[in-house]
Every structure is written in C-alpha cells, then in structure tokens.
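*Asks:* Listed here are the chains, written in short residue letters.
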Amino acid sequence: MKTVVENLLRAHDGPMTSELVLRPAEFGLGRVPGRLQPASTAKSVCGFCSTGCSLLVHLDESGQAINLTPDPDHPVNLGMACPKGWEALTPLVAHDRATTPLLRNAKGQLEPVSWERAIAEFCSRMKGVQARHGAASVAALSTGQITTEEMALLGALAKFGMGIADLDSNTRQCMATSHVAYKQSFGFDAPPFTYADFEESDLLVFVGANPCIAHPIMWQRVMRNRRNPSTVVIDPRRTETAMAATLHVPVCPGGDLALLYGIAHLLVSRGWIDRDFIAAHTTGFDEFETFLRDFTPARVVADTGVSESTLEQLATLIGTRERVSLWWTMGVNQSHQATRTAQAIINLALMTGQIGRPGTGANSITGQCNAMGSRLFGNATSLIGGHDFANPDHRAHVASVLGLDEKRIPTAASRAYDQILGRIATGGVRALWIVATNTAHSWISHCGFAELRRKLDFLVVQDMYATTETARMADLVLPAAGWGEKEGTFINSERRLGVIRKVSRAPGEALSDFAIFKLIAEGWGCGGMFRQWRDPAAAFAIMRALSAGRPFDIGGIRDYDHIEAEGGIQWPFTSADALVSKFGVRSSEIGQTSDTAQTPNSDLRSPATHERRLFADGRFFTPDGRARFVFDPPSPLPEGANRDYPFVLITGRGSSAQWHTGSRTAKSAVLQKLAPNSAWIEIHPADAGPAGIANGDRVRVSSRRGTTEAAAQLTPSVQRGQVFIPMHFPEVNRLTFPAFDPHSRQPAYKACAVRLERLSQE
Amino acid sequence: MVAPNDPPPLVDLIGNLLAEQGRLQTPAARAGVAFDQIENRKSKIENFRSLIPLTAPAPGEQYAFEVNLDKCTGCKACVVACHSLNGLDETESWRDVGLITGFQQDGAAYQQTITTACHHCADPGCMNGCPVLAYEKDPLTGIVRHLDDQCIGCQYCILKCPYDVPKYNKRLGIVRKCDMCHQRLGAGEAPACVQACPTHAIRIVSVSSSPASQLQSSNSNLRTPTSDFLAAAPDGAITLPTTRYVSEREIPTSAAAADAGIARVQPGHTPLAVLLTLSQLALGAQAAALFVTYYVTNTSSFPWGAVALGMLGAALAASVAHLGRPLRAWRVFLGLRRSWLSREAVVFGGWFGALAAAVFTQLPAIEIAAFAIGSVGVFCSAMIYIDTGRRGWSAASVSARFAGTVMLAAGLAVSPIAGLAAAALKLAIDRIALARGPWETRALESGALRFAFRMRSLLGGTGLLLLAAAALGETGAWPVGAAFIVAGELAERILFFRAIDGSKMPGAGAS
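Here the protein sequences come in this chain order: A and B.
Quick note: the first sequence uses this note's numbering, first residue 48, plus one each step.
Quick note: the second sequence uses this note's numbering, first residue 1407, plus one each step.
By construction, these hints were calculated from the structure, which means they are not laboratory data.
Even glycine gets a Cβ: it sits at the ideal position worked out from N, Cα and C.
Just so you know, not all the hints are guaranteed correct.
[Said to hold, decoys possible] Part of the chain B face toward chain A, derived, beta carbon under 10 Å:
#	residue
1	E1426
2	R1455
3	H1489
4	E1498
5	Y1516
6	A1596
7	C1603
8	P1604
9	A1664
10	A1669
11	P1673
12	Q1768
13	A1874
14	G1915
Next comes chain B alone, as it looks inside the complex (with noise of 0.2 Å):
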C-alpha cells in the first residue's frame, strides 16, 4: 500500500490517467438530466410552429420555403443542420448559401448572402427529364420528392435543374435531394434549416401552385431584367421555382453572383460521351452502308452496317456504365410520356434490334427502317440535352454537333476526300459551339480545360492532314486519319460536357 501523501509512481500514474481518459458517463448517470428535457420537448417544437403552416395547404396550393432576405446575413446554420438533423454523408448537405454583390442606387457598396434549397418547382425539371419516374411530386403538399429505391444514378436530373439541386451521391450511386423534411413537416416539426436559422429568416409557407400566378406573388424588389424570379439567379420560367424570396431592400440591377465569371468545369461523363459519339457514328456508318449498297451498288463493298452494328452494341454498354445502378434500369421505359432520356434509350434498343436484323437479313425494308430508327434515336439524343435549357446547349448547337458527327462518319466511309471535308466542317463547328461565352473561351484556351481543348483540336487536325495525304493518293493514311477523326470526336463530346455553363444559384466566391 502506498501511503496518501506519497507521489505514486509515474508509470501508475499514467495508467490511471489513461484508463480516466477512457471513462465515459453512462446513460443511467444521466437519466436525472434526461428527465428534465423530456419535460420541455413540448416548447422546444413549440418554439418553431410561427415558422411553417399549421394547416395542409388548400387544393390549389402548395408548401414553399420563403426566405427573407434582410434576415440572411450568412451565418450558414441551415446548410450545417441540414446535414446533421438528416444523418448525411460527410460532404452532404442539400442547402447552400451563395452571395451576391453589387452597387446600390447611392452607390454604396451591396452584398446579399442568399440561402438555398430545392424550390420545390411547379413545373420541376428533375421530375420531368427523369427516366423512371424516381421523382413525384406530392399531391397535397407540392413537395418535390425523390425516390431513393428507384433512381438508377443516370443524373440527367442534374442537368435538367436550373439550380444545380440533385447531388450525385457515390457511395450510393444515386442523386439524393431536399424533401423539405416532410417527415418533420408531416409531424407539426420545422425542417431542419428552419429550426437552425438563428435570425428565423426560413419559413415554410402556403403558396398558389397554378403555373400563371407563380412568379407574379414574388417580391418585385428581387426581379430583374434577366431574372423572373431572383437577380442573378436562373430564370423562373423553366420550372416554375415555388421558394419566395423577399426584401425590404431592393436588389441593384448591378448585382452579380460572387462566382460570376469563375470557371466551373462540369464532370466529363466519358460513358456519355462515348455513348454519343459511337451512336452518331453507328447511324452515320449506317448511312454509308446504305449508300454504298444502293447508289454505288458495289456488292463487294466493305461491311459498314456490321461495323455500325458493333459501335451501336458499344454504345450501349457505355450508356449502361455510365449509371450508378445499373440493375434498376429496366424500368427505363417509365418515363416515355414526358423523359427523352427515356425515349432515346427505348429507341436505340429498338434500333439496335432492327440492325442486328438489317446485318443478318440484309433485307433493303430492314435496313431502311433500321435507319430511320436510328435517326430518331440520333433526334431524341439531342432533344436531351436541348431540353435542359442551358446556355450552350441551344438546338442549333447541339443538333449541328450531333449531325456533324453523322455526317462526318458517312464522309469517312465513303472516300477521304468526302471525310476531309467533313471533318473540316465539324472542326469549324465545334470551335464556334465551344467557344460561346467569355469564361468558355478562357477556359478553352487559358483556364481549366485549355490541355482537354488542346488534344481535341491535335487530334482533329492531325486526321485533316492525314486524310489529304489520303486524298492525294496516300490510301494507306485514310483508316489512320480515320482514326484520328474519331478520337478527336470522342475529345469534343467530352468537352460537350465538361465546357457547360453549369446553370446554378448564386455561389460563394472564388477559391
């Protein structure tokens, strides 16, 4: 025994100390204490039923967040306890608060920090691009629901949302969103930023859910010129945002987005671009087969149906890698009546049918029908991406592209001449399309996509030159610059995504 007063031996001391450091109070400890919040849990709910409706809404109506503007001075609660009050994966959260600065009228300084979320649209974009229906909206609350279990991670919603709402989650390999907490909302509790808002600047209220009066109830200090719905925020008229934002202030016509200007990449999706490069060839090969067979009738012509055939299968099985959960895509035909990315996907499986038959038969009918198959399959690639609304993605510009790509792979079966002056045109094409705004053009040749920019227009130019070399009579140069050209093309879709505006709410800043 050692005596009291006597020091203890560091060695003992230490293994007390560490075993101390692993003590932790346990619940029966605490019960006192847990008795006593039980007791105010009532308050505690209490404390928010002034921040969401007491009622459901009235037929005709829906639920919509309203924030107050001169309320939100950037503390950013809601986007933390959005994360935590929904048990989200480490980076997850489904608000955002953005900032946008400009010059008032006496021309002082202006800053507004503006917190964000799903706006929970009339007309939302997510739920009418997706394939298989993982999205409804619900009827009595307008709530914009996800279904988890359903998704097959394609993110064409992603695309679709004006205000970069959908966030691909990889561990699941599906988008995940904001649900406005209608659980909580279903039990007379706040959604989790309207509980964190120190400054109660987000409420959840009753709005009219008829398309026409939409953007008119919204605070008119918040329009401007280039937005119905919020200064220097997406424009309303695509999807028809429910959230109101509202100020005692007015919003200056300068105010821009802290990120205005700054380069966002967006993800290349390889698969999709091999996707659509392969299929555009496929159809443009197919072309090149029917031409050869019946306008050149050389029967002993080489067998560019089988090789478009075989650049449609690849397509495909890109397009099946490309999605998060690729088992629940069976369920792509759901969305027929309103996805094209449904409609493509059911027709080029039709298409692919019709030409294997076309390959096998060689039937004139077959492979004419095949075609034409493949050409509204071509048609309804397009209308995905036309569909989103994105700067960038006009018809023009995307049905050029596309048929640029049909074209070029007819040229280049047909002759090296034929492919050299399709690959010139499509060249031309792409800079113009790419190289549509000011922060495209930086990107493109000083920023962020200046080495992807640079390899496509190395290998687009290097198959021009090779297939001149073929069309003086070096014949051996046309399949190389053939190739060239393709892998050019492959280098162009991926730009095609990753040189996209990315249609967003106001962001942060830069970093």
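Next up, chain A with everything else stripped away, as it sits in the complex (with noise of 0.2 Å):
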C-alpha cells in the first residue's frame, strides 16, 4: 500500500522515463538506447573529411542502418569520431533528398521524369552539344566524395567512352597543390607518414592546419603522443590547435613562404643540416643553398611579421629535435604559391633528413574522405591509376588492362577547374556535367557562376540533394545515392584504403553513382567497353590491376573484407607484401615500422603492415630515385589591404561540425546547433571599437567584387587588419579573389582585401 502510495506521489517509472532506458547490446556496444537495439553492425569508413575513421554502424533486422558509434577496434580512429562522423547517417533522411530525376520542362521548372528519360535526355543533348560545337566543348566537374570506384569508372567513361578531354574535380580546390608539390619533389603523389607518426614525433609543426577542429581525430593522436613533443603552429590565427602548441608563429598571410625559406637559411647558417643525407637522396641543394643567403632574418621578419628571436626559437626546434615531422593543409595548399610554399616544406625535411624515418616527414593532412583516390583514378590530371597521359608505356598499360583501343587514350592532361570555367565563358564550353560537387558556392569568386551558367547549352547536376546552389541552376538533376547507400573504397590521408558499405536504402529511385555511370555509359552506345566494371568490387579489381608496378601498386590487396578486416590497407601493399603480412615478416621495403605505436586491440596485427611510411631506404619515386629541391622567390598577395579595402580576408573552416557548402552538414539539426547557422565575421576587438562594431552586431563586408553581411564575433584570435570568415555559407565566395596557384592551378581561398561597415540594427 505504501508503494502504491509512493508511486503516486511521485512517477519513478512511466512511459517517458522508459524512452531513455538503456539496454545492453550486443557486438562490444556498452549500454544503448532500448529502442536502438542493433541486430547487427557493420564497419564503413566515414565520408566526409580524410581522416578516414571507421564507423560501426548499428542495422536492425533487416540490414538498416538504425545508429552509429566510432569502431573501437580501428587503427586510424581508435573508438573516436568527430561530430559529423557521429552525424553521418543523418544526411541521408534529410526531406530534400533528390529521389527521381528532375528535367527543366518549358516553364523553366525542374520536374520529375524517369530514368530512362533522363539518361535519353543526358545523352542526346551531350551529344547534340558535342556536334555542334566538337567534343570538347563538353567538360564534366568531379569530386572527393564518391567512392575511387566511382571516380575510375567516371573517369574511364568520361575520357575513353564519351570524348570529353576536360574532367577536373574539387580536390582541385583542395589537394592540387599537394599533388603537384609531392610529384615534382619525390617523382610521384605520395604522402610518406603514417598517423603513428602523430605519436612519435618530438616535434610536430603545423603549417596553416587546425586540425583541432578539422581534423580532430588527427588531434587525438597528437594527444596520445607519450614523447613530450613541441608543438608549433604557423598561422596566422590564433587558432584553437595554436592555443594548444607549445609555439604559435602568427606569420602575417602570404608570408609563409618567405618564413620557410628563413628557417631554411637559419639551419643552414647553423649547420643544423643533414649533409650526408642531402648528398646520398636529394639533387638541388647547391642551388637552393645559393638562393636561401637572401633569406636574412632582418628581411623574413620584415616579410612575415614574426619576431627574429621567434624565428631563432623555430629554426632551432627544427634543427635539434631528433624526430620532427611537419604537417601542412588547406593554409598553404589554398595559397596565391601553394605548391612552392609546400615544396619548402618539403624541402626542410629534405635537408635535414627528416624523412622515412618513425615521427617525421613532410606531410600533407588531406581534405576530402576520398581526394587520394581523385587523385589517383579521377583521369584528370593523371591518367588513370597514377599514370601519366604524356607516357606511350602507362598509355597502352592503361588500354591493356581496360580492353580498350590505345587511340582513345588523350595524350595530354585535363585543363584545370579555372581553365574550364574560363572556357565556358569564352563559349569553348558549351555542356557541364558536375558530380557531387557544389561549384555555385564552393568556387572562388562564385559571382560569375549564374553568369557562366547561362552560357551552358546544358548543366546535368549529379548530387544528393536537388537543393544545392549548383543543383538548383541545373537543366537536368541525377538523384545519387550517397554515403552508406553504396559500396566502394576511400584512400584517406595515410595513404590507406578503407571501405565503405552499403547500410541504408537510397530513397526513391536515387542511384548510386556507379550504376549512374553505367546507364549513361549504356545509354551514350559505349556500354560494351565498359562491360567488365559490373560492380564496385569489379572496378576494384580494375584498379588493382592499373596499380600494378606503379608505386601505389596494390596487388596484394585481396578484395573489400581484405581491407576491413586489416583496418585499411595503406598503399603500397604488393602481393611481396601481402605474404610478408600473412607470415608477421617486417618488410625491410616499405619502411621503417612504429617502435611505438600501441593502437589497442591490434595486438595480433604486425605493426609491419598496419603503420606503414614511406622512404625509409632514402629511394624516391624520380627517375634517379633522389628526392628535388624546388624553389622559387615569395612574391606578394595578389590582393592586399589599403586604405580602401583595410583588412585581409582570411576564410576556412568554422567549426568540426561544419563541412563544405554545408549541403550534408546543415542537414542534421545536432550539428546546426554546435555552430552558428549563418555568415558570421570574426574582427579583432581593436578593430571594432573603431568602426563602433560590438559583438553580434551585423557587418556589410565589401570587396571589390562582392557585398555580403555577416554578425560580428569579436576575437582576438584574428590579428589586427584581419578578419575571418567561414568558408560554409555562399556569402564568403562573394568576396574571394580568383587567384591561382601557377602550378597546381589551386584558387587562393585565404586572403583577399574588405572593408567592413556596421549596418544599422534595425
């Protein structure tokens, strides 16, 4: 009685306390929602950024995915994800999923029409373009973000079946300049560290990178490091990866060429360089030697704003410390000299031998989940598989494995994503086909897309949503599936494969890129070449063949459960390698392996093949297998500040929360509330008070192309004469200044010259 008595009083138990109950689960879970309960999981790698972290997905009993956690018992991520790992599911209910194809009819509005209607329309009006106007003034604009499957068949299609000789993608926008750096520097695109490296380094300097919240996983293994490593950040920002180092270097933007080229100078003077090592591996170093005596410290400090003994304080990390590995992202990569400012990355590891051993290398942390596979498979720049398009070998090698006539192979690369657009303009363009990307936001200087795409005879978008920038200005929408709609394989950062599953059903009649390619390859008449691509694991198996004895070559890879069950397979992975793995024999080709790397639950995985660098031998991938010094003189911002336009623009990424243009992110309401929903301006206190701007005050920011207005957050984390936006609204793109780098073609994202104005409040 007194029970029920109580119960009454006060509900202990009842319908809303049961919602939040938890239950055991199965499959190593902990505790999870009662209504949750998994019927089985299943591992994928995560879509959206380069880490690569690998996700156990939670299915009910009909292979649904229904929740996620991080997988524990993966080497890259360790139990860990982001927020948008967390989140990845969410993107794919979202209401605005493009689920049939849509056709613009005569009142100029997109309306649903079939499949096969869509592809007669795709083909005829491409192919109508390609008769008037000749076959290349059809382009196509690709992505990091579908599977390398996906990218090889595109690409194979694109080039060898439809004629089309300029196929660019969006890791133009961010892994270009890498691409091209790595090639001129070691003979071939190859990022030499392993993650372990995070962990063994005792000194890591980060060069325009924020992987606390870009790359928070990468972070992590920072974190884990056991060596009481120094941590430098060179940034203009005091960002929240340079609140956490040892050492912020607030270089002035633009001005980290020159910086580099100062510690250059500084290590040579010091005599902190490896001559033995220059004298076995590299060629160049003379003449480098010759230009750095320019490099004083009275002229770096006047060039970058970084103080001299700041200067002597890095120079001498670096020169001192026995393992110092640098990394470098979107800072340097998205400059008006990209590829020559990672080059002297490059080149300061290079001379101090700081390469191909454990917690060392010059490293470039990746953007996109899938940018290595565009920029291995994509045929764009490189022809398929890492080949070069110039080379009668890799030609008739490529025609060989693909079955196809040599003839169809083009002789030369790709124009670049600007050149392309260019070309639209002038009307050598006449028909776009653009692939999960979202080139009405995302590209520089973006006002002159309507403009462009008025131009087009024919815009097909391929994407998730219909509701994109891009998608939305179309005159034919594909609906893809997405990410954990489909199988296929993803190279993240460290050069490791990983794979992705398919868990959730694509809604309507979306379809996953691969089978969107095969119908417009059967539909454009060239469906017989294609024959052999019958699945993703099919292309893989494509793939593996192209990588045969290049340095990527990855024949020892079995297929997909291979991967998955070794916790990704980082390139190069032989079928030599393969035996060495299965017999526990430490392969004295590949490198060096981790003395320390302890990833738990990984005891029975040999360190030999789970955390891999390469150059330990000192061999590059040049002809003569030395390793280039690569150099150039600084010149200045292509757009600084003056009196009219006083502040540098810098823009990037605003939170871990936010991706991109947003179009999957802002799709989970989670992710919406970790950061602002829109335009925000970050300004230096200092510069505020002036202009009478008080934090959450609403600012017109003006260039010389563009208006936006964003809200004021004052921070002292911009310098004075710097203001920062994030690069997730289309607002930013207004603005920016269509600078390329001269040699990856990559646009210079991080600075352009505004000026700010407080709008009334009213």
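Dock chain one against chain two, each of which comes alone in its own frame, and use the hints as you go.
*Replies:* Now the structure itself:
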C-alpha cells in the first residue's frame, strides 16, 4: 500500500522514463537506447574528411542503419569520431533528397522524369552539343567525395567513352597543390607518413593547419604522443590548435613561404642540416643553398611579421629535435604560391634528413575523404591509376588492362577547373556535367557562376540533393545515392584504403553514382567498353590491375573484406607485401616500423602492415631515385589590404561540425546546434571598437567583387587588420579574389582585401 | 535469352540497378563480423576504465564531471555522442561547448573552449524550485536526476538553474536533462561524453559533497573575481556546482564568453504573464472593493469583488495552460517545503476559494481573509522570480513591479485621477526595471525587443492620455483608458520574461 501511494505521488517510472532506458547491446557496444538495439553491425569508413575514421553502423533486422558509434577496433580513430562522423547517417534522411531525375521543363521548372527519359535526355543533348561545337565543348567537374571505383568509372567513361577532354574535380580546390608538390619533389604524389608519426614525433610543426577543428581525430593522435613533444603552429590566426601548441608563429597572410625559407637559411647557417642525407638522396641543394642567402632574419622578419626571437626559436627546434614532422593543409594549399610553399616544407624535411623515420616527414593532411582516390584514379590530371597521359607505355598499359583501343586515350591531361570555367565564359565549353560538388557555392569569386550558367546549353548536376545552389541551376538533376547507400573504397591522408558499405536504402529512385555511370555508358552507346566494370568490386579488381608496378601498387589486396579485416590497408601493398603480412615478417622494402605505436585491440596485427611510411631507404620515385629541392622567390599577396579595403579576409573551416558548403552537415539539427547557422565574421576587438562594431552586430563586408553581410564575432584570435569568415556559407565566395597557384591551379581562398561597415541594427 | 555480351536494353538495366540499389545485406550474412566484435566487447569498455571511478563515492562524497580544459580543443564530439548514445530527439543534447576569449598577460590572444553539461550541484536550484519533486539527488552518487514521468512541464527549473541545463522538450511537454549516464556508470561503463572525447578531457571523479568544500577544491587558476566557479561562468555560490574544471594555464581576467553582450531574448511565457497580471489586478480590485465598501461606504458601488474573482479564475486557467503536462499538476503541493512555485499554487487555490466565499457571503471577515490570502499569494509570486537570483529579477525590481500592478488596479477602480497617478508611477518603475544593463537597453531600444517595448509604451501612454481626459471630466474615457493600461500591463509582463538576461555557461558566439 505504501509503495502504491509513493508511486502515485512520485512517478519514478512510466512511458517517458522508459524512453531513455538503456539496454546492453551485443557487439561490444555497451549500453545503447532500448529502442535502438542493433540486430547486427557493419563497418564503414566515414565519408566526410580524409582522416578515414571507421564507423560501426548499427543495423536493424533488415540490415538498415539505425545508429552508429565509432569503431573501437580501427587503427585510425581508435573508437573516436568527430561530430560529423557521429551524425553521418542523418543527412541520408533529409527531406530534400533528390528521389527522381529532374528535368527543367518549358516553364523553366525542374520536374520529375523517369530514368529512361533522363538518360536519353543526357545523351542526346550532350551529343548534340558535341556535334555542334566539337567533343571538347562538353566538360565535367567531379569530386573527392565519391568512391574510388566511381571516380575510376567516371574518368574512364568520360574520357575514353564519351570523348570528354576536360574533366576536373573539386580536389583542385583542396589537394592539387600537394599532388603537384609531391610529384615534382618526390617523383610521385606520395604522402610519406602514417598516423603513428603523430605519436612518435619530438616536434610537430603544423603549417596552415588547424587539426583541432578540421581533423580532430588526428589531433587525438597528437595528444597520444608520449614523447613530450613540442608543437608549433604557423598560422595567422590563433586557432584552437595554436592555443594548444607550445609555440604559435603568427605569420602574416602570404608570409609563410618567406618564413620557411628564413628557417632554412638559419638551419644552413647553424649547420643544422644533414649533409650526408642531402648528398645521398637529393639533388638541387647547392642551388637552394645559394638561393637561401637572401633570406636573412632581418628580411624575413620584415616580410612575415614574425619576431626574430620566434624565428630563432623555431629554427632551433627544427634543427635540434631528433624526430621532426612537418604537417600542412589548406592554409598552404589554398594560397597564390601554394606549390612552392608546400615544397619549402618538403625542403626542410629533406635538408634535415627528417624523412623515412618514425615521427618525421613532410606530410600533407588531405581534405576530402577520397581526394587521394581522385588523385590516383580520377583520370583528370593523371592518367587513370597514377599514370601519365603523355607516356606511351602508360597509355598502352592502361589500354591493355581496360581492354580498349589505345587511340581512345588522350595524350594530354585535362584542363584545370578554372580553365574549364574560363572556357565556358569564352564559349568553348557549352555543356557541363557536375558530379557531387557545389560549384555555385564553393568556387572562388563565384558571383560569376550564375552568369556562366546562362552561357551553357546544358548543365547536368548529379547529387544527393536537388537543393544545392548548383543543382537549383541545373537543366537535369540526376539523383545520387550517398555514403552509406553503396559500396566502394576511399583512400585517406596516410594512403590507407578503407571500405564503405551499403547500410541504408537510398530514397526513391536515387542510384549510386556507379550505377548512374553504367546507365550513361549504355545510353551513350559505349556500354560494351565497360562490361567488365560489373559492380564496385569488379572495378576494384580493375584498379588493382592498373596499379601494377606503380608506386601505389595494391596487387596484394584481395578484396573489400581483406581491407576491412586489416583495419584498412596503406598503399603500396604488393603481392610480396601480402606474403610478408601473412607470415609476420617485417618488410624492409616499405619502411621502418613504428616502434612505439600501440593501438588497442590490434595485438594480433603486425605494425609492419598497419603503420607504414615511405622512403625509409631514402629512395624516392624520381627516375634517379633522388628527391628534388624545388623553390622560387616569394611574391606578395595578389590582393593586399589598402586604404579602401583595409582588412585581409581569411577564409577556412568554421567548426568541426561543418563541412564544405553544408549540403550534408546543414541537414543535421544537432550539427547545426554546434555552430552559428548563418555567416559570421571574426574581427579583432581593437579593429571593431573604432568602427563602432559590437559583438553580435550585423556587419556589411565588401570586396572589389561583391558584398555580403555577417554577424560580428569579436575575438583576438584574428590579428589586427585581418578578419575571418568560415567557408560554409555561400556569402564568402562572393568576396574572395580569384588568384591561382601557377603550378597546381588551386584557387587562393585564403586572402583577399575587404572593408567593413556596421549595419544599422534596426 | 540475351547472350552475355549483348547490351541489355536500358529499361532492364534501370530496373536491375534500382533493385540492386534497394538490396541490403541481412544480419545473417554479417554473423561472422558480429562474432569478431563480441570478442572485443570487454576491451572497448575497459578503454574507459581509467576515466570513471572504480568504486562508489565514499560517505560525504559524490560523483562529478572533471574537465581538463588543456585537453578540450573544441571538437564537440561530446555533444553529438550524448545525443546519439542516449537516443535523444532531433535537436536534443545534454552537453554544450562554449568559448571564452581574452588576452593573456603577455598580450597574446587567449581562447578556450568549455564543454559543459549538468553540474550535478550540491545544492541544486532545479530541485529546490520544482513544485512536484520531479528532481532527486541520488543519495549515493549525488547525481541530480529528473523524473520524467513526474514533471508537469512548468519549466521553473529552467529559470532556477544558473547554467541553463534543463531543456524543455515540446514533444513530451516536460523538461529533460543530463543524468550523468547513471545507467552506464552503474554498469561500469563510461558516460557517453566521456566515451566520445578523443583527447579524454572529460572524466568522472568523486568529490566532496559538503557545501563548504565545494568551491575551494576547484582549480584556483580558473577563478576570477566575478566567479568562484569558472571565469565567465555564473557564480557558483548559488547552487554549488560540482563540475571540476582544471587547467595548467591561468584563465586571464579579461576572458569573456564569446557570446557576451549578445541579446538572448528569452521565451515570453504569455500564460504566465496573464497569470501574474490578472492575479495582481485581482488583488488590486479586491483592495478597491474593500476600500469602497468600508471607507467610502458607497453601497451601490461596482461589484469589484466579483470582478476580482473573475480575473483570478482566468489567471488560474492561464497558469494551467502554461503547463506541458497539466494532468499531472494535482501533485503541485508536494514541493511546499522548498518551492515558491508550489506555495504560490497552493495559496492561489486557497485565495480563489476564499474570494468566492467572500463574493457570495459578503461577510467582512471572509473578505478580509481573502484579501490577506491573496496578498500572501502575490508575495509568493514575487518570491518565485526573486529566488532565481537572476540579474534583473532583484527583490526590489520584482516587488516594485508586482506591487505596482496591484496598486494600479486599485487606483483604476477608485477614480481616474488615482488611476492616472498609479499608471504614471508604474510606467516609470517599468522603464527603470527593464533597461537595467547595456544589452537590455540595446535590445529594447534598437534590437530584438524594440517592437514589444514600443507596444508596451504606446499602450501605457494612450491609457495615460485617456485617463487624463477622464480626470478632466470625460468620464466615458475612464474604462477605455483602464483597458489600455491593463493591456499595457500584459505587454510589460511579457517583457518581464523576455528581457531577462538568461543566465548560462559561456556560449559559442554570434550568428
């Protein structure tokens, strides 16, 4: 009786309480919400950034994903994920998924049509444009966000099947610089590192990188370093990573190249260089040494805004620590002298012999989940499979593997993204096919894209969403299945192949990009050329064959299950490596093994196959096996601040919960909670005060190209005279200045000149 | 039969590809994978053993979150993991990450992200304020738990918590909050946020639960003159939060929340504004009735008592409409010992009975008793808000406004001149009380509350003019003027809720 009264007065249980009851799950998951009990799990590598975290997707009885947790048993993320990974399933159920093909009708509206009609329309109009204006009048822009198999099929279909000469992708906006820099310096686009290097360095130098926000799981690896390392961040902004570092070097925008040469100058003058390594494994150092003479501390201090003592401190750290690793990402890649800046970093590693050993390297952190897949198999800049269009042997090899007529293979690389858009402006390109990227938002100084659109006879956008800025401009929208709705592989920053699995049904009639390419091949009439590309697994076998004898030879990888069982496999992984791995023998070919790396739950795995780096033997991929010192004098910012536009605008990642143009991350209510949902601008308090701008005020931001509004965020993390706007809002690229690195043709998003006005708050 | 090398017709291919797209691998096919993972179950849980206490708290101790700020670098995985691992609603998470910025001693910029959830206070404001005892502090672990099936959705705990922890869930009509994943802790598993932090910045520790030691044991680097608890966070003295923020770096005294100074307009709670306004007007009307009956002895006067009864009835109806779960409201007496809200509800109930009796019996003793009970009720109303400790709801500010409304009703009922005087005085009080600080002034004059504030001024001003006309002999203007004044009071009371600086942990910044 007493308990009845007690329960009546105080309801400790009931339907609402039950909603939150947790129950122990199988599969090592611990307790999970009662209504989300999985019937099984599947592993899938995350489809946002290049870290390559493995996610354990919880499935119901029908195999449909209902929740996910980070994979505790994966050597990359060790059971952790950033917010995007945790929320990876949410964008799949967004209400604005494209569920049928959409064709612009006579009234100018996009209306649903059948796949049959869509493919017929695609082929007849593309062919019509080609017939009227020549084969080169059709171009394509692809992505770093689809699987390698899909990239390979798209590249082969577009170039060998459809005769499209110009195919580029949004990896031009993120990784083109690293690609070119590595290729020129090392002879191949080969990031040398493994994530264990984060844990094994004595000094980590981050240049234009903010891993705390952009790659939190890589920062996790830094925090696991037990060698009490020093960390240096070279960045105009005092970012989260700069705060966490032992030394922040607040270089002025565009000053990084001079700074890196200044460090090299000091290393030479102090004798902190590895002459033996230089002599044995590099060429061009003498010229470089001569070149460096001009980069005296006095000049570098004047050019970079960095104090002489900081410069000294930095050079001393690099010159005296046993294991030094240098890491860069978009702060370097998206600048007007990006390639030479990346190579200035590479030069530091080469001249100090800091490469090929644990905890060393000149290491490019990748942006997109599959930028490396695009670099190797996209068939844009490099012939499919990391080959060279200009090399007849390569063309012959590719033709024989793919079973096609060698004459179908172009002898030159594609034009770059900016050149393709430039050809639209001049009428050279009349039809454009955009796959899984949002050009109308992300392209630098994009005000002009709407204008370009009007010049196109036919614009096709293939995307998960019909609502991206670009899809809304299309004549034809092809509804694509996304991550989680298809199978295939990604390649992460450390060259690790990972598998994604189909764990969710695509909405409506959305099809995987792979299937869409197959349909187009049939519709185009070249289906016969791609019969052997039956499914992603078959495409993977083709990729494996293409890789034979190349630096990224993956001949030892059996299939997807092999990759998954190994926790991902880093390239190269030759048949010989496969034997080594099987019998537990260390490979002398590949690199020294990690001596302190300890990943939980991987006791049975040999570090020789799980944490591998390149160049342990000092042999690079150049014909003579030597790395090159590549350098050029620095040039000033293409658009510096002046009296009319007194601020330098820096753009970049806003928060870990945001990705690119937000076409996926903006679909998650929880991710939307983690950052403001409209554009903000970070301003130094001492700049805001005189302008009458208070925290939270609306501000008008103008550059010579456009104007936008943003909410003021007063913070000293930007320097005086500099402001920062995140890249995730379409506003920002109305402002940016279309400068390009001359070698990589990568846009320089990181600096342009703007002015600010406080808007009336009414 | 089509030969294998013939191209399949496009229609067939479309059908095949769509069918293939819809096929998922079934669990049976994954049995092998699942088996592997069962093998690893133990190790995953053990990964976090160092981050949670291995034993129950000793007597005099409780569990608390410990956050190492030097390791918190703003990835916010904790927020999303809380959402996912607890199966919360679409926008719901019980953890937040804010930001503070400032300048270090050497002039360099300082910024620090702050992850925060329920502080499982030693003296929880939510629990003390709850009228139905829907909160309990676990005697063993000290975890402050919310009883979801007990909650009536009055949201007073939201006002009582200085850290903005309890969150209202519209779907359920109740609030929900962090329970430190007590179900996981009970089974030796780490809470969701602890499991999800890539840098292990969040741990569960046992701390002393005695109020005296509560703040002294927190890290001295993090205290500032304005907060014993954490720089740029609300003072810990109100509820004795147990979360330990630790850092080897000193937080500079200049550090401020990234969203400092940005107007955060709070919910208007219209039913509560109606409750407060009408109950106070009712008390004023009752005072007028007593005054007219016993001092003026004008026996044929307007039935102010009945008007008061009607207003009070409407006020009580509005109060029920405010609740997310009104059917559970019968338990509202449970909190009498601690909650001013409970007291107000009970006293208002008694007042309604007494007032009804007074109206029907017209007995002076009952009339006086009813007025006395009503006065106590309005006092309880004032204490509800004063007890939150919010800036802007000081004893003086709340009392002056509530007493002003009572006085206003009495004045309006007695004569146009009395009404005019009372209304002018009340407008002056409101102006002083509302525009207390810089952001409120900005919000009221040029920001988000501009329209509401102008409405309030316009209604009140028109009322004043009409009352002045009535005082000059235009008697028809009296009731119209009174109506404008009453409408102005409602508008003021909505601003009473909206223009309050919502006390909270540092937020993430502008948008």
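*Asks:* Take the hints in turn and mark each one as holding or not.
*Replies:* Hint check results:
no.	hint	result
1	E1426	holds, 7 Å
2	R1455	violated, 12 Å
3	H1489	holds, 5 Å
4	E1498	holds, 8 Å
5	Y1516	holds, 7 Å
6	A1596	holds, 8 Å
7	C1603	holds, 8 Å
8	P1604	holds, 4 Å
9	A1664	holds, 7 Å
10	A1669	holds, 7 Å
11	P1673	violated, 18 Å
12	Q1768	violated, 39 Å
13	A1874	violated, 31 Å
14	G1915	holds, 5 Å
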